[in-house]
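Participant: In case you want the letters, here they are:
Number of protein chains: 2
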Amino acid sequence: MSTRGNLLYAQSGGVTAVINASAGAVIEAARRQRRRIGTVFAARNGILGALREELYDLGGEDLAQIRALAHTPGGVFGSCRWKLPALEADRAPYERLIEVFRAHDIRWFLYNGGGDSADTALKLSQIGAELGYPLTCVAVPKTIDNDLPVTDCSPGFGSAAKYTAVSVLEASLDVASMAETSTKVFVYEAMGRHAGWLAASAGLAARKPGDAPHVILMPEVAFDETRFLARVEATVEKIGWCTVVVSEGVRDGEGRFLAESSTRDAFGHAQLGGAAPKLAALITDRLGYKHHWAVSDYLQRSARHVASATDLAQAQAVGRAAVDYALAGRNAVMPAIKRVSASPYRWEIVPAPLEQIANREKMMPASFISKDGFGITAAARRYLAPLIEGEAASKWRDGLPLVAQLKLKRARRKLPAWKG
Amino acid sequence: MSTRGNLLYAQSGGVTAVINASAGAVIEAARRQRRRIGTVFAARNGILGALREELYDLGGEDLAQIRALAHTPGGVFGSCRWKLPALEADRAPYERLIEVFRAHDIRWFLYNGGGDSADTALKLSQIGAELGYPLTCVAVPKTIDNDLPVTDCSPGFGSAAKYTAVSVLEASLDVASMAETSTKVFVYEAMGRHAGWLAASAGLAARKPGDAPHVILMPEVAFDETRFLARVEATVEKIGWCTVVVSEGVRDGEGRFLAESSTRDAFGHAQLGGAAPKLAALITDRLGYKHHWAVSDYLQRSARHVASATDLAQAQAVGRAAVDYALAGRNAVMPAIKRVSASPYRWEIVPAPLEQIANREKMMPASFISKDGFGITAAARRYLAPLIEGEAASKWRDGLPLVAQLKLKRARRKLPAWKG
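So the protein sequences, as listed, match chains U and P. The numbers in the UniProt record's numbering rise by one with no breaks, and the one at position 200 of the first sequence is 200. The numbers in the UniProt record's numbering rise by one with no breaks, and the one at position 198 of the second sequence is 198.
If we strip away everything but chain U, and leave its shape as in the complex, we get (with noise of 0.2 Å):
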């Protein structure tokens, strides 16, 4: 006899161009199990609304809508970066969610995040088994930082790389042309803390050697202003102009981040942003170099209008798989996506055990990396190339990117309010 019950999806941690596509595809996959599943749920702002028992029904909202969610950036029910305790230190939240869960008839929990969420979602599977309450849950995969282990790549990451590869190909071509009289140097900021899978995806733009970018900076490789300066100015000297990107992570041999500002997140990690106006000033300061830079920021992660088709599947079938491991009870795993084939490209979906996946960081292999730390590698490209393949084009209504519209309608609280 299989088991009845609701289902219950949350956002966590930083949104990507295709989260709300998982959202989509799980909510979807949900609704044609109305012989197990009564109600599909949203929790608010993450682990955060499930604590504050704010949850949205989903049973009133459109298909159409929900389906819209395909090509709808951000984060559709809000997100959260905001980490329970550790389950020795404080076991009152995971008690509480429980509590929630119960109330709401909610046996299965889909989290939609990157290693933190992942690490949620298993506390609460063991919780729930403490507790005797009967719970499956199932991380969904999502990061643009691409640094999930087991699974071949990271939902959301092929759509902020290809953004990336295809604004340092064009900007390029505009540096290019400008540099007789202007502007000689280009600087491009990508996102990656602690991983260069961003900064090494601008690779791509560059389909012959000399192509731009001609200077890539990644967290893996400390950051030696000597070499870099050098190499800056013979591209220079070589072609006329030079385009540099930088991971926001790089940090020089002693370990400081070019660009570190005194704030840190919920997750107590570092905020950054500003290591190409930092480097764009070295350039016209040391070489004399008319200089340009970009920091895209949030753009990079939420340009659903140039998004991967292939990172756009890969998010829906995460989604898909995750409601169908949850229905199995399959508890504390991970729909990962498995790499069959190099060329032809073709992936399948596998579960990952949520223990190989918690709070663990995958980091770009040393062989990705080029002989000189400047560039990447034919492996690295042959490992990247297919996963910005393919256009997934947003729907346009007035020249503008077209979003789903969804009612959100609360779910009626049954529980005291939460003094977390």
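Be aware that one or more of the hints could be misleading.
Since the list gives no way to pick out one identical chain from another, each pair is judged satisfied if it fits inside one copy or across any two copies.
[Claimed, not checked] Below are the DSBU-like pairs computed for lysine-lysine, each with C-alpha atoms no more than 30 Å apart in a straight line: (1) 407 x 371; (2) 419 x 290; (3) 338 x 278; (4) 278 x 290; (5) 208 x 83.
To be clear, the hints were calculated from the coordinates, so they are not data collected in a lab. Quick caveat: nothing in here was measured; it's all calculated off a predicted structure.
Knowing the structure of chain U, use the given hints to seat chain P on it.
Facilitator: Coordinates of chain P only, in the frame set by chain U:
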């Protein structure tokens, strides 16, 4: 009896997503006039290439590649930021240009640029007449700044405006989903040193009152820190987050650029330029809100992948009209866009005398700026909305924009080197 001879095309100033589309239209239209036009030349790096006798002979270019210019950003022949000296101060460069034109039998000169380029075309038409060399000069309009007079809008602006509105719309969905526990204020910086056209176009992202962007800062309105902070705070208190769009040219009441201030940010770091990071630091310092900021810089003017179909059509139309005007002997004119009907939007190309265009800047009408100075009016929306209409897709290969590959064969020199 009609003139026979050769035609020279050149690109000037900051490039746009569609200046090459104008180039392609010029070249294709000129090729259809085989009985009158012998060779179509392009100057390398704008007027500098003409002075240096660095000309590309476009006769051998494949038509498919000329047509591919319609989806190729940047300036394929190279541009320049270099203004000829005043005619009264130094006639030598003007005489040299006529000498180059005479050597290559160039009877038509089409200069694709903004106000400075219109001035150059005007002066060349005058000196040609003075020196008894029959030359017809036509300016082809182009600028993302939209500051050319007479013409209803400038090719290149519509696509940059669309990039701006799309990016602000997408990133604002991101901020909205993060605001509960993370970023509350997002600041986007648009180009525009003297006029706020691009910052204003971000206002199109707001489909109903209260939608992002919530604050638009334009150079036409002196920056008032107290009022600005009060508006940001009120917005965050009301809806939980706030999107700010700032033009790079915004100044305070004493005329000082925000971006050029020597003050330090909230964390004691020297500001390295950029109105957005400066405002973002101010917001965190005074209001305590976590911020993110983006400076899209060259991305906004090279993002051909999200070009406006209206803009593309106009860029091609002015290119074709320029050839028509040139062959008709209409000297010292520019094809201007005339808005024939606002709704439905209809436009046509009309000739405008360069005297009315050279060295003049069109500012935004005061009626386009809302009374509080933080937004745009319904009149501004009516003007701007049609300019971003329609999506002119890139051509794609391997997930990346496909761009024209020209042979760029240099024409044989006939004169001694220019010692300018």
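Participant: None of the hints should be skipped; say for each whether it holds.
Facilitator: Against the structure, the hints come out as follows:
1. 407 x 371: neither (53 Å within a copy, 33 Å between copies)
2. 419 x 290: between (56 Å within a copy, 24 Å between copies)
3. 338 x 278: neither (39 Å within a copy, 44 Å between copies)
4. 278 x 290: both (14 Å within a copy, 21 Å between copies)
5. 208 x 83: neither (44 Å within a copy, 35 Å between copies)
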